[in-house]
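Number of protein chains: 8
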Amino acid sequence: MWNVYLSGEIHSDWREQIQKGTEDAGLDIEFSGPVTDHEKSDDVGEVIFGKEDRQFWRDHKAAKINGIRIRKAIQDADLVVVRFGEKFKQWNAAFDAGYAHALGIPIVTLHNEELVHPLKEIDSVADGTAQDPSQIVELLKYLLKEY
Amino acid sequence: MWNVYLSGEIHSDWREQIQKGTEDAGLDIEFSGPVTDHEKSDDVGEVIFGKEDRQFWRDHKAAKINGIRIRKAIQDADLVVVRFGEKFKQWNAAFDAGYAHALGIPIVTLHNEELVHPLKEIDSVADGTAQDPSQIVELLKYLLKEY
Amino acid sequence: MWNVYLSGEIHSDWREQIQKGTEDAGLDIEFSGPVTDHEKSDDVGEVIFGKEDRQFWRDHKAAKINGIRIRKAIQDADLVVVRFGEKFKQWNAAFDAGYAHALGIPIVTLHNEELVHPLKEIDSVADGTAQDPSQIVELLKYLLKEY
Amino acid sequence: MWNVYLSGEIHSDWREQIQKGTEDAGLDIEFSGPVTDHEKSDDVGEVIFGKEDRQFWRDHKAAKINGIRIRKAIQDADLVVVRFGEKFKQWNAAFDAGYAHALGIPIVTLHNEELVHPLKEIDSVADGTAQDPSQIVELLKYLLKEY
Amino acid sequence: MWNVYLSGEIHSDWREQIQKGTEDAGLDIEFSGPVTDHEKSDDVGEVIFGKEDRQFWRDHKAAKINGIRIRKAIQDADLVVVRFGEKFKQWNAAFDAGYAHALGIPIVTLHNEELVHPLKEIDSVADGTAQDPSQIVELLKYLLKEY
Amino acid sequence: MWNVYLSGEIHSDWREQIQKGTEDAGLDIEFSGPVTDHEKSDDVGEVIFGKEDRQFWRDHKAAKINGIRIRKAIQDADLVVVRFGEKFKQWNAAFDAGYAHALGIPIVTLHNEELVHPLKEIDSVADGTAQDPSQIVELLKYLLKEY
Amino acid sequence: MWNVYLSGEIHSDWREQIQKGTEDAGLDIEFSGPVTDHEKSDDVGEVIFGKEDRQFWRDHKAAKINGIRIRKAIQDADLVVVRFGEKFKQWNAAFDAGYAHALGIPIVTLHNEELVHPLKEIDSVADGTAQDPSQIVELLKYLLKEY
Amino acid sequence: MWNVYLSGEIHSDWREQIQKGTEDAGLDIEFSGPVTDHEKSDDVGEVIFGKEDRQFWRDHKAAKINGIRIRKAIQDADLVVVRFGEKFKQWNAAFDAGYAHALGIPIVTLHNEELVHPLKEIDSVADGTAQDPSQIVELLKYLLKEY
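Residue numbers (the working numbering), protein chains in the order written: chain A, 1 to 147; chain B, 148 to 294; chain C, 295 to 441; chain D, 442 to 588; chain E, 589 to 735; chain F, 736 to 882; chain G, 883 to 1029; chain H, 1030 to 1176.
To be clear, the hints were calculated from the coordinates, so they are not data collected in a lab.
Predicted, not measured: the structure shown is a model, and the values here were computed from it.
Some clues are possibly wrong.
[Unchecked claim] With a straight-line cut-off of 27 Å between C-alpha atoms, the simulated BS3-like cross-links for lysine-lysine are:
#1 C:K439 x A:K51
#2 H:K1101 x G:K954
#3 B:K288 x D:K481
#4 D:K582 x H:K1101
#5 H:K1118 x F:K775
#6 B:K292 x D:K461
#7 B:K187 x B:K236
Sequences are here, hints too, so could you generate the full structure?
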């Protein structure tokens, strides 16, 4: 069984495409990823540990909780797919990539041609760079097939 | 002696401000950082290992060479300061932060108030967040002073 | 499945509250913790390995046996909750926190407002600080929910 | 050359006694320890990174800065001496002991007879327990002598 | 249960001999190895991630994908058997041996007498050197038998 | 479930006593140990990998094979019990203890009173020292009981 | 200061070219490598530890001694350059590459165009591939220059 | 510069022979070893930390202090030479060998022919086995010579 962490963009359905594709292929993969309910993820610090006056601490408390969840999932992963979309800074996706790489966990990136230059450092340590989720499905089919 | 890696933005003089401030204070610090000559850094892959037709491989070869230099410097660092500026994606700065954090090396971030929300994941694992390079100088004065 | 170690205070029912709350929520969590039968835990060294004249060695033999049990449980844990009560020194709880932190295992602390200052070092490496066991239940619900 | 970290109590002169004793013996030891100027240590977060309304965040910011300093020193240490005094909670001393032990760094404790029972877990992983700083001096003389 | 990685030569049936021999003996072993469909393994980079003009990048993309698969399997292995045949350079088999050895995973080599001298460095860190797959079967029978 | 490695003496039934005692107590423990068929263990190198003229290489080949088995078992163990009997050098038992200790795996020793002085270095890193196998059974009952 | 290990081919003067080039450039580099006196390296086992009847053990004893030297040098290296020549199997060079990679030490390969296909696995984890020693000199100039 | 730990027998002058031989050869080696003043080593626990009634704790306290010294020296060593003499159990030498091996530090053993069988497990992980200290001198000359 493989554990695959799907890091990055939460505003498109790329995770579902990969999960559906690999399920259709009958692959035994456990997927994990960040909390994709944006609001819930942003609010969780205050919801559980109490209100804050400053935005910094509000974000801090939420990010620390999400960090527990994300770090466990990345540490358990055999592969981390890092998706960079068109919008947003997505520094957390780049952070996840650096974190995974330092732990020796392989990374595959997923982004459009126009991001090639700004993502060169991350692509240079990745074991592959895809433009489309269907390529990740093909990759996983290849990796999990018995020979 | 402390080793401090200065990661991120290469288009302002924040590194010089920190270096001058700590030199003026007589602190024994070895600073390291990425190659800040942008053009040289981008071209190095082709210059040393030969021309490429595709931008992807051109960037790849350069990023791998720079990676040798950067990873050694971060691994040797006692502290990594990560600077996010106004412009550019700066995904490599976020990548460095993730890399350092996984190795257990402390991080301090340096960025303006408006980046608080997009940088929450990185700030949440940092041991401090500064808005101005002079605060990093003060931090280093405190950390290195003998008591 | 998550492994959660519940460190610290053994004279109140905070462990039961957390275990009941998460069972009621149907979460798949394996809890572990120190031997909460105080007398048995104190006596075990002499009971198994023989009587001692000095209190120091009596305690030593018991603490070493308990250490085997505790260290295995912390090493296996995905999260360590550290509870500081009103009474007793509870240095072992602080020791567990330091031990877990050095291993890279996330910590959440659980204590009253008045302990904020003396616990600042431990809280500063924790990924959250709760005042009530019900907050730990909410945290675990969030961490284990599938998205 | 040996590096020795002196953890714990900051309200008596035990550090000076050890340092003087080993200097008198001509031993080549680099000592480190926490910032012993209590006020400066408590204030440093606000002084460098700005004011906070809540005591929790005030302490948090200071403790994180001190943590950079302490963790580096413990990681570099060949031996950690942990002193527990009569007063204060001293949970940070116990935390340091747990942190050092998980890293495989030897610990020696220094405390009075009446703390034997509450410190049994920490003493049980220590390589020695002293009542008086002069014993630490004797220990270091023995450890550093050439045979 | 044991995990055994079978590294090296893909042009003879040595893997099948070992697998059949241990199945016949009723041993509970999970075998893994590289993709033995040579063409598929060479083509996979271009098939999944797109065509390349240069042979170097064509091979590079395929080798990186195969590397994800191989490294995971070696990391999970309790034993790595490294087979060197008569033909081909087989540098990847030697690379696997170095990789496994650095991770502390035991290696057994499998090669003919005439390769003794050129393989001396690898044999010198191996826990055994066989000439015939049947010896590996005997070895596994011995290692897995309950006493 | 606990994994316990039983290292040392192979000429008495101490392993059986411990296994029977814990089975009777219904404990879920997986025991492992060296091959206790002395002759088989000594001969295995030649039997599998061929005859040798010198005793040194004969022993070498056998010891390397046994080493694969032993190291895997110790690495998987939660506890290593090391038994020193009256006869034989038993340097392999002491070696196992050093190996386990460096990996951070707890050790309990089992030997008679008269071996206290020559075993002081090993006992000093053990978490307990027993004279009789029944004490190991009691220890395991305590360690595995749920509280 | 950088430590660079020069692995592989011992029958051409590529090491001297690199060392001379970097000395001429005034770079502060400590080079290490295998014993390049082929005969001495092959004989050392018997010379120090005594004659053997079989070629296997003769090689074994020499390779183990050389292994002490090589592994220390690779572990200390910041960069490993792996040279594959036209002749000989050079499995030890490939082994060194695998060993260095598992330790996280960056590799640069040095070989002719015709070896691209058989070396694809090793090149795929290298941070650069050169055809000529002068390119390694240029690389080191870039890596060590202060910016 | 090399660090070499000389473990084992303290009742003959083998350490002096090695040190003299390498000094005469002008080698830059830092030797370390246990405290060879037997009485001082046995008494140190009581001398520094106070009298004990039982031999077990007397030895325990001394062995823990010596352990601080020995473990630091082995961890710093590039090579551990383990000497087994005719007399005494020397379990601590075997323990040191296991400890060093688990840390990946190379071992060379030094003992007479008649100890070949009882030391087979330790010899099987050693990178060489000598009968005479002069062979260790030759080994160190070879290892440290520049090529």
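Hint-by-hint comparison with the structure:
Between C:K439 and A:K51, the direct Cα distance comes to roughly 23 Å. Compliance with the 27 Å bound is thereby established for this hinted pair. With a CA separation close to 18 Å, the supplied pair H:K1101 and G:K954 stays within the 27 Å bound. Taking the CA atoms of B:K288 and D:K481, the gap is near 13 Å; set against the 27 Å cutoff, the hint holds. Between D:K582 and H:K1101 the alpha-carbon distance is near 15 Å, which keeps this suggested pair within the 27 Å criterion.
For the hint pairing H:K1118 with F:K775, the CA-to-CA distance comes to about 26 Å; that is within 27 Å, so the pair holds. Simply put, B:K292 and D:K461 have alpha-carbon atoms about 20 Å apart, close enough for the 27 Å limit, and the pair holds. Restraint check for B:K187 and B:K236: the C-alpha separation of about 19 Å stays at or below 27 Å, so the hint holds.
Hint compliance for this structure: no hint is broken.
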